[in-house]
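Asks: Sequence:
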Amino acid sequence: MRSSNPVFSRRGFSRDNGYAGFNTAPQAGYAQGNPYAQNPYAQTDVQHGAPPQAPVTADRMTMDDVVVRSALTLGTVAVGAVLAWALLPVSGTSYGLAVGSALIAFVLAMVQSFKRTPSPALILGYAAFEGVFLGVISEMYNSRWSGAPFQAVLGTMAVSAATLLVYKAGWIRVTARYARIGIAIAIAFMVVMTVNLLLVAFGVAADGGLRSFGPLGAIVGIFAILLGAFFLTLDFKQIEDGIAYGAPRNESWLAAFGLTMTLVWIYVEMLRLVAIFSSND
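Taking the numbering used here, the leading residue of the sequence shown gets 1, the next gets one more, and so forth.
It is possible that part of the hints are untrue.
Claimed, not checked - Have a look at the derived ranges for each label pair, beta carbon to beta carbon:
{"no.": "1", "residue 1": "Leu154", "residue 2": "Gly96", "range": "27 to 37 Å"}
{"no.": "2", "residue 1": "Ala244", "residue 2": "Ala206", "range": "30 to 40 Å"}
{"no.": "3", "residue 1": "Val191", "residue 2": "Asp59", "range": "19 to 29 Å"}
{"no.": "4", "residue 1": "Ala158", "residue 2": "Asp64", "range": "35 to 45 Å"}
{"no.": "5", "residue 1": "Ala244", "residue 2": "Leu198", "range": "41 to 51 Å"}
No lab work stands behind these hints: they were computed from the structure. Cβ atoms here follow ideal geometry from the backbone N, Cα and C, with glycine treated the same way.
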């Protein structure tokens with residue numbers, strides 16, 4: 001099945017558009033004496049009718065690959081954010097650049113999502129423009145709610161660590177049913193937020209509607225952060241299965257791409273939530 005994070009279109013680790021993730025027993029084939037029975041990356045020599053063969057070990061994705069590429073992608077986001085914060089003072093022009101950067105990042109993310117293979121240039125380009133956007137809005141929030149970005153970073157780290165702990169402890173099992181239900185809820189959430197945005201734009205809903213800086217806005221923000229945690233569990237599962245199945249090494253860029261988008265989602269929602277609580281002090 002297809003996996004996704006908040007933009008609902010990122011491809012998971014795949015071969016011929018199949019997905020290694022969301023298998024309730026990824027190692028079952030190994031236990032039954034056929035190590036490639038359920039492995040979507042196993043290679044078959046069609047011409048000679050040879051049995052499936054595992055990918056070459058040297059070309060298989062490892063956790064080190066995922067960590068290095070994730071660090072590089074998140075580092076690019078951080079550098080873009082720091083430069084934007086330092087060089088773009090809060091102004092109407094900066095807001096325009098932030099919106100433009102966000103749109104460019106979205107386009108690059110969509111292009112990568114529809115590509116059959118990961119493109120480091122697209123992923124790092126997305127990270128750079130996303131960083132500019134985050135730098136501007138972080139400075140904007142900090143100018144009104146001092147320290148909000150720092151608190152949002154700490155909150156994002158706490159949510160990520162807690163989600164990883166819960167996932168590794170086995171308290172959450174990422175199954176196909178779990179993924180379908182969660183993604184359906186996320187899609188419904190995005191539809192409601194889009195309608196809310198239109199109502200606010202046309203003056204039907206006042207003070208941001210569901211995204212106000214009051215109690216209702218806080219509840220919506222908390223729900224959005226929980227959705228981000230849900231998508232983190234999908235990312236963790238895909239990484240785990242990709243390594244277990246012997247996904248090609250270059251697909252570790254997809255892991256970095258997915259994790260970065262999910263963490264950006266959580267950070268933005270956390271930033272808004274910190275501002276709401278600070279406004280009510």
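Asks: Each hint needs a verdict: does it hold in this structure or not?
Replies: Verification of the supplied hints:
1. Leu154 <-> Gly96: 27 to 37 Å: holds (30 Å)
2. Ala244 <-> Ala206: 30 to 40 Å: Violated - the Cβ-Cβ distance for Ala244 and Ala206, about 51 Å, lies outside 30 to 40 Å.
3. Val191 <-> Asp59: 19 to 29 Å: Taking Cβ atoms as reference, Val191 and Asp59 lie about 41 Å apart, which means the hint is violated.
4. Ala158 <-> Asp64: 35 to 45 Å: Check failed, 25 Å falls outside 35 to 45 Å.
5. Ala244 <-> Leu198: 41 to 51 Å: Check passed, 44 Å falls within 41 to 51 Å.
In summary, the structure is inconsistent with hints 2, 3 and 4 from the numbered list given earlier, while agreeing with the others.
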